[in-house]
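**Student:** Single-letter residue listing:
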Amino acid sequence: DQQVKQNSPSLSVQEGRISILNCDYTNSMFDYFLWYKKYPAEGPTFLISISSIKDKNEDGRFTVFLNKSAKHLSLHIVPSQPGDSAVYFCAASEGDNYGQNFVFGPGTRLSVLP
Amino acid sequence: KAGVTQTPRYLIKTRGQQVTLSCSPISGHRSVSWYQQTPGQGLQFLFEYFSETQRNKGNFPGRFSGRQFSNSRSEMNVSTLELGDSALYLCASSLRTSGRHGEQFFGPGTRLTVL
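Top to bottom, those sequences are chains B and S.
Position one of the first sequence corresponds to residue 1 (our numbering), numbered consecutively onward.
Position one of the second sequence corresponds to residue 115 (our numbering), numbered consecutively onward.
Don't take every hint at face value.
Said to hold, decoys possible - Derived DSSO-like pairs: lysine-lysine, alpha-carbon spacing no greater than 27 Å straight-line:
1) B:Lys71 x B:Lys54
2) S:Lys127 x B:Lys71
3) S:Lys127 x B:Lys5
4) B:Lys68 x B:Lys5
5) S:Lys171 x B:Lys38
6) B:Lys5 x B:Lys56
7) B:Lys56 x B:Lys68
8) S:Lys127 x S:Lys171
9) B:Lys68 x B:Lys54
These are calculated hints, taken from the structure and not from any lab test.
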């Protein structure tokens, strides 16, 4: 049973346009969410995070939106660049002060076309 | 500052054997987490170590074990290898000095193939 879902295995976007990657979760105890980007033959790289006390966090071209009632978050990339082509993972955490446990989604492969 | 390093990068074993993977976290990071990545399952959490203690464990059989040393380096061991253990094993380190949430920095992974 997947607690974190990314229902789009792949997404293609034209350079300069907006990329929207979606993520849904089922565990209402999750209170911290992250997005990672992964290039082939490399480990995931942290992009941006959001705490459940917020509904939006912005960092440069990347914005994450959180809708707690819908248990949904999205990552917006504006404008999209060819270098953004990678696999994007959504992750959620419900750990306590003792330990942390991140649950990852299956990933969405983003292709930004020049 | 050097990143997370994992050794070896590639490993080929046969069923029934055991394997030990190593991870050196970023200097100063005391939390080390291990993940298994497979095409069908994505990244799945194995366990987290902090100050030489296992703090959290994912849903994996007891054949998967780990430990952390006083210098924060960590090893992961898989005994009695099965074909399904073929995967990319990723290690991530985190500073985690305040609160429980810490951005994780991933290593390049160890690609394990079980024949």
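**Student:** Lys68 of chain B and Lys5 of chain B were given as a pair; does the straight-line alpha-carbon distance stay at or below 27 Å?
**Tutor:** holds (15 Å)
**Student:** Taking 27 Å as the top limit, are the C-alpha atoms of Lys127 of chain S and Lys5 of chain B close enough?
**Tutor:** violated (32 Å)
**Student:** Hinted pair, alpha-carbon criterion (27 Å max): Lys56 of chain B, Lys68 of chain B. Please report holds or violated.
**Tutor:** holds (11 Å)
**Student:** Holds or violated: are the alpha carbons of Lys127 of chain S and Lys171 of chain S at most 27 Å from each other?
**Tutor:** With a Cα-Cα distance of about 25 Å, the restraint between Lys127 of chain S and Lys171 of chain S holds, given a limit of 27 Å.
**Student:** Would the hint linking Lys71 of chain B and Lys54 of chain B be met if the CA-CA limit is 27 Å?
**Tutor:** With a Cα-Cα distance of about 13 Å, the restraint between Lys71 of chain B and Lys54 of chain B holds, given a limit of 27 Å.
**Student:** Measure nothing beyond the straight line between the CA atoms of Lys68 of chain B and Lys54 of chain B; if it is 27 Å or shorter, mark the hint as holding.
**Tutor:** This hinted pair holds, its Cα atoms lying about 9 Å apart.
**Student:** Compare the distance between the alpha carbons of Lys171 of chain S and Lys38 of chain B with 27 Å, and conclude whether the hinted pair is satisfied.
**Tutor:** holds (24 Å)
**Student:** Tell me if the straight-line CA distance from Lys127 of chain S to Lys71 of chain B falls inside 27 Å.
**Tutor:** violated (41 Å)
**Student:** Straight-line Cα separation of Lys5 of chain B and Lys56 of chain B no greater than 27 Å?
**Tutor:** With Cα atoms ~20 Å apart, Lys5 of chain B and Lys56 of chain B stay inside 27 Å; holds.
When the structure is compared with the earlier hints, violations turn up for hints 2 and 3 and for no others.
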